[in-house]
Amino acid sequence: MAIGGAVTPGRKAKWAIIDIIVVVYALVPVLWIVSLSFKTKDTLADGNFIPRDWTLQNYADIFATDEFIRPLINSLGISIIATLIAVVLGMMAAYAIARLDFPGKKALVGVSLLIAMFPQISLVTPLFNIERELGLFDTWPGLILPYITFALPLAIYTLSAFFREIPWELEKAAKMDGATPGQAFWKVIAPLAAPGVFTTAILVFIFCWNDFLFAISLTSTEASRTVPAALSFFTGTSQFEDPTGTISAAAVVITIPIILFVLFFQRRIVAGLTSGAVKG
Amino acid sequence: MAEIVLDKVTKRYPDGALAVSEMEIEIADGEFVILVGPSGCGKSTALNMIAGLEDISSGELRIDGSRANEKAPKDRDIAMVFQSYALYPHMSVRENMAFPLRLAKVADATVRSKVEEAAEILDLTQHLDRKPSNLSGGQRQRVAMGRAIVRSPKAFLMDEPLSNLDAKLRGQMRTSVSKLQRQLGTTTVYVTHDQTEAMTLGDRVVVLRGGIVQQIGSPQFLYDHPANLFVAGFIGSPSMNFVPATLEDGTLKSPLGTIPLTDRVRRLAEAADAPREVVAGIRPEHFEDAALLDDAHRHGGVSFSATVDVLESMGAEKYAYFSLEEDLATTAELEELAADAGAGDVPGGGSAVVARLAASSEAREGSPLDVWFDPDRIQLFDPAKGTNLTYSA
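Residue numbers (full-length UniProt numbering), protein chains in the order written: chain Z, 1 to 280; chain U, 1 to 393.
Derived EDC-like pairs (lysine to aspartate or glutamate); straight-line CA-CA distance at most 20 Å: (1) U:K154 with U:E31; (2) Z:K187 with U:D75; (3) Z:K172 with U:E95.
Honestly, the hints are just simulated from the structure, not real lab data.
Work out the full structure, taking the sequences as your base and the hints as a guide.
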């Protein structure tokens, strides 16, 4: 409902226009890419928003080679594993920060903030050298590890805000009901923090999925190259051919998991999950 | 079922604050004990120590004869009902009540029958599949009780379980808590700041002040024989009236006039080596409108005349408030009680003497009234130490 006033037709129209402007502004580049991905090679540069000559050839091309499928598997695997680990570790750390009083708590929060602020580009060269020494270069763990490091501060921050909202008495009640601290956490606190966990999972997944900097610097072959990095290696069939069509098709394809991921988890982000726990 | 013994149990926080000091209580098997006192008196801390939610700094807690200081809450087999109910919002009523049994790995069929049995007792059967957020305050409270009773624990701990309910519901729940406890016969420790709950529910009441046990006894005993000013002022509603008085030649000079001491009072006061300056306490219900009494009755007591400031008619009785020329007695204990009751926020609150009169009294606001009382009912307190000089067990 509109705040502060009745919903008149005039107001409605005004809001409708603003909404349309925002949506168009946000979606035009995306639709442009979608449009390009359906164009044939000849009409690619004709400047038409709606393709005159529809084709699925670009999609067929990218799925015809390992050049795209292999990176897609890498992307999915690396992002999901990194998200999983970051969220689980983040949950435990955030819970400790929100609930417990331990020496070095302020330092932990400060350091994690520092990591989040650290310019990633300055770490690329050291990481490259370290990973080559350790044999992690161009492997899945070679990407998963830095992703976790940079996703953790985000996860800890988001999650500790959610944990703080959960009434502490619930945990005491669980303990009195015979739960070990672990059971109290996993059976009572974690389910209540679920909206926060899903929100964090979405943010971390998007971060890992979209990363280009580490992906291009710490990989060299299809063993671990993710889609954003692989896209930059796309070539046409000959060196005179422009790969715009296939790059567009790949860009559309890699957007789909993110949309699915968000849609899937958004339904779990139910506001007011803790209502009814305590009188308030 | 179990007996719980607190042996010099002390709670001292790392910052040095003393929450509970050398608390000694022996709670018998099946007994209903109330911990009562103003906010911050340590009653909840004491309960949390029995529960295992807070560590015991020194002293020993024994449950069923064995030391429980170091036992985790889950190993003490004690159920607790929280002031906020603390229901699990993501579980239905059934799951909430089954939770302790599931943790104890009880077989499914047993869980179902136990939950249904408890729901039956608490009249929750038709709500079993609802979520706590869809329940009323009274229903949530009953679910919290249900979660405590399903696993037949050794003892119940209740932390102001009724204080979030409205007055009418609180009255009803009070009766059902009392009935339930008697039906189950489980040892219960109940924390409250409501002295009506303290008077009506418990077998014994423990009055706490600043972490120190003031007195332990049956509600009626505490009411009749308070050990000190604090207990006298805390137990009873409206609370006991306190006036400064001077002991002189076998009489008591007070703002209520010169009161002859009865033999009983004099003997007790002498035995207690009473100082000259004392605080005299008399309960509102020990006053009566002198006009309602026959002559013979009147001679047995003392009368004084005062102007009624405010008259509250409750239907069955009337409360007359009148102010005296001299100030009422003030001591540290009484100030603490007044502060807890919020008297400081009300101008003139706590500075009036209250008398409970029969409904047939013709007292009127602004008119003088002859008030009668029995001098044998007077209790004398030491203003410095607060002890009851007329205490007799």
